[in-house]
Amino acid sequence: MKYLDEYRDPVLARQLLDELRRTATRPWRIMEMCGGQTHTLVRQGIDELLPAGMRMIHGPGCPVCVTPLETLDRAMAVAARPGVLLTSFGDMLRVPGTDTDLLSLRARGADVRVVYAPMDAVRLAAEHPDREVVFLAVGFETTAPANAMAVLHAARLGLANFSMLVSHVLVPPAMTALLDDPDCEVQAFLAAGHVCAVMGWREYEPIAARYHVPVVVTGFEPLDLLEGILMAVRQLESGWYEVENQYVRAVRRAGNTAAQDAMRRVFRVTDRAWRGIGELPDSGLELAEEYHGFDAARRFDVGGLCPVEDAECIAGTILTGARLPTDCTAYGTRCTPRHPLGAPMVSSEGTCAAFHTAGRTPTRSTA
Amino acid sequence: MNIQCPLPAHEGEVVLLGHGAGGRLTGELLDQLVLPAVGGGTGPLEDAALLPGHPRLVMSTDSFVVSPLFFPGGDIGSLAVHGTVNDLAMRGAWPLALSVSLIVEEGLPLAELRAVMESLGKAAQDVGVPVITGDTKVVGRGAADRLFINTTGVGQRHELLAPSAALAHPGDAVLLSGSIGLHGTTVLGTREGLGFESDIASDSRPLHRLVRALAPLGDAVHVLRDPTRGGLAAALNEIARDSSAAVEVEESAVPVPEAVASACDLLGLDPLVVANEGCLVAFVEADAAESALAAMRSVPEGARAVRIGEVLREGPRGRVTLRTLVGARRIVEMPLGEQLPRIC
Chain B
327 MKYLDEYRDP
337 VLARQLLDEL
347 RRTATRPWRI
357 MEMCGGQTHT
367 LVRQGIDELL
377 PAGMRMIHGP
387 GCPVCVTPLE
397 TLDRAMAVAA
407 RPGVLLTSFG
417 DMLRVPGTDT
427 DLLSLRARGA
437 DVRVVYAPMD
447 AVRLAAEHPD
457 REVVFLAVGF
467 ETTAPANAMA
477 VLHAARLGLA
487 NFSMLVSHVL
497 VPPAMTALLD
507 DPDCEVQAFL
517 AAGHVCAVMG
527 WREYEPIAAR
537 YHVPVVVTGF
547 EPLDLLEGIL
557 MAVRQLESGW
567 YEVENQYVRA
577 VRRAGNTAAQ
587 DAMRRVFRVT
597 DRAWRGIGEL
607 PDSGLELAEE
617 YHGFDAARRF
627 DVGGLCPVED
637 AECIAGTILT
647 GARLPTDCTA
657 YGTRCTPRHP
667 LGAPMVSSEG
677 TCAAFHTAGR
687 TPTRSTA
Chain S
4 MNIQCPLPAH
14 EGEVVLLGHG
24 AGGRLTGELL
34 DQLVLPAVGG
44 GTGPLEDAAL
54 LPGHPRLVMS
64 TDSFVVSPLF
74 FPGGDIGSLA
84 VHGTVNDLAM
94 RGAWPLALSV
104 SLIVEEGLPL
114 AELRAVMESL
124 GKAAQDVGVP
134 VITGDTKVVG
144 RGAADRLFIN
154 TTGVGQRHEL
164 LAPSAALAHP
174 GDAVLLSGSI
184 GLHGTTVLGT
194 REGLGFESDI
204 ASDSRPLHRL
214 VRALAPLGDA
224 VHVLRDPTRG
234 GLAAALNEIA
244 RDSSAAVEVE
254 ESAVPVPEAV
264 ASACDLLGLD
274 PLVVANEGCL
284 VAFVEADAAE
294 SALAAMRSVP
304 EGARAVRIGE
314 VLREGPRGRV
324 TLRTLVGARR
334 IVEMPLGEQL
344 PRIC
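Protein sequence lines correspond, in order, to chains B and S. According to this note's numbering, the first sequence is numbered sequentially starting from 327. According to this note's numbering, the second sequence is numbered sequentially starting from 4.
Simulated from the structure, these hints should not be mistaken for lab results. Each statement offered as a hint is correct.
Chain S side only, calculated, beta carbon under 10 Å to chain B, not exhaustive:
| id | residue |
| --- | --- |
| 1 | E195 |
| 2 | S255 |
| 3 | A264 |
| 4 | D268 |
| 5 | T324 |
| 6 | T327 |
| 7 | L328 |
| 8 | V329 |
| 9 | R332 |
| 10 | I334 |
| 11 | V335 |
Here a beta-carbon is modelled for each residue, glycine too, at the ideal position from N, C-alpha and C.
Just chain B, same shape as in the assembly (with noise of 0.2 Å):
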C-alpha cells in the first residue's frame, strides 16, 4: 500500500527499536507535540517499548483539549439559540462544557452538525439563507487555512448568514511556554509533521538554538515516530540541537507559502487562553479587523458566561506532560469516555482517551 503499509513495518519497527536501544546510554524525556502521535504511540505500545528508563512526555497538541471552556459553552449558548445551525468536526461535539456538550444539546433539539470541512459550512449557509451558520472553528496551524479559506469564500459569496466562533491555538508559544517551566523535563521534541506541513520549521529553530534542544519534524505513523525518536535521540546522544525533519514526504523548511498567505489575510495573532493551561500570550488566531462581520462571538450576543471547570481534572498537568492520565484520582473511575469530567479524556487525540481506550491502569503505565 502506498505510503501507508510501507510505515507500518513489523520487522522494520523492530530494527529501528533495536537501533534506539543501541543508541540510547541515558533515560531521555522526548515531547510528542501531537495529539495524533499520542495515540499512534499508545495504541502501538511503542512508549512501553522504549529503552530503559527513557519517556515519552504527552504534549499539548490536542486541539479539541486545549479549547477554552468558555469557548465550548459560547458556542452551546449559540447552538441553543432558535435559528441557528452549529456545525463544527465530530470529535468536538462530546467535548463537555460547563453544564452539558453539544451531541447532549442537539439531542435535546439544537441543529448541530457534523461537518468535514469548514467548507461544508459555507454550503450550509448558501443553501439556507433563512439560518445562522455557525462554525466552530478550533485548531492548531494545521486547520487555521482551511478555516481561512471558508472566510475568504463566504466573504466572496456576500454570506450574511455565515460566522465563525474562532479559537485557533499556536504552537511555538505553548513550546516555549513549557521550557520556561523551571519544571519542564522536556529535552527534545518531535513537532507535529501536518503543522510543519503547513507552516514550515522555521519558527522552531531559535528555540532549539535558544534552549538548545532538539527538534524533530516528525509523521504519525508507528515508524515515523520510531525513526523520529531515534533521530532526537542521535542528537541528545552526541550533544547538538536543531532542527531536523524526519517527515521528508511531506515538509518543507518554507511550508506551504500559499495556505500561509490566506491566515494571514484573514486572521491576526492574539493572545489566547489555553483550557487547562491558561492564558498564553501571542499564542492564538482571531479574526482580523476586516472580517469582524463574520465573528460569532460578535455577532452574538450569549449574556455573561460563567465557565466552571470540575475541581477533580487535572487536564493541565496532563496537557503540559507534568503528569500521566494514570496519576489523575479520577482516571477510569469518575473520569471515562462515557462520563468525561475534561477534554482530554473525549477528544480523539487526547492524552487521557488514548490510554483509557488502549486500556491502560495505574500499575500498566508507562511513567
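Take the given structure of chain B and dock chain S to it, following the hints.
Below, chain S alone, put in the same frame as chain B:
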C-alpha cells in the same frame, strides 16, 4: 434572547445517537432500561434467540434505518434481508421464513420504494427464503428518514451446530471470514459525500451458506458472530464477556483493505470499530481450525478467511487484547458509541 448559565440540564436524561451504535452505550440502555422492562434474562445477548419449546428453531428481528437508502455494494432492501439471515446464521441456523415491515415517510418517490423492494425481493430469492408476512405504515413528512425496514426471521439449526457467544474455550482459534470495515466506511463516505466511495463498496451479503459449510465440524464450532455495529472490537468484547474468555488478536493478521485503512486514517476512525455486513468471526477448537478455514474458503463469501487470534489459556478474562504491529500488547476496549471523525 440571551442564554444564561446554567445551560440545559444533564445529558443523562435523553437518548443519544450513540445509544444505538452497538457499543457500551447500547449495552447500558439494554441492561438498565429495555431488558428489565420486558423481563429479559441475564444470559448472553445472542444474534438470534432459541424459540421456546422448539430447540432447533431460532428467531431474530432487526430494524434497518441506514442513510442513504442506496450505497455502493447494496441498499437498505438487500441489507434488511442479509442482516436478519446473518443473525439467524450466527446461531447455526438456515433461514426458513422472513417477515418485512415498512415504515415509509410521506413524500418518498414511489420509484425509490419500488427499487428498494425489488432489491429486497431479489435478495430473499437469492438466499432462498420466502417472505411470508409483513406490514406497511406511512408516517408524515419528518416523522421518519425516508424509509425504515424491519425484518424478522425464523431459522432451523443445522444438525450438531449450536454456537453461542458464551461457548468460547481456552485454546480456541479465532477465525475471520473476510476483510473488515467495508460497510461502515462505504456508508459514511456516501452519506457525507467524502469522495472515496468509488474505491469502496459495502460487504453486505448473506452468510448462511458459509455457516452451512462449517456445519460438518459440528460442536467444534463454539461461537459465530457477525461484527456489525461496533465492528470487530464490539463483537470480540461481547464474546470475551459472555464466555469469560481472554481473547488475543494479532493486529497484522486482521485484513483491512487499503481503501478502508486510508479512509479510517483520514477520518481518525479505528477499522476495528467500523461496521461490517458480510463477514463473521468464528471461535473453533484449535484442532479443527485448519478444517474450518478450508471449509470457509470453499465458498465465495469465505474465500479470504484467516486466523486472527486465539483464546488464551491464561489471561485477563473478559478482555480482548491486541498484539500490535511493533510487538506490544494493548487492550481493545468496547467502543463507547457513535464514531466521530477527528478534527485534523
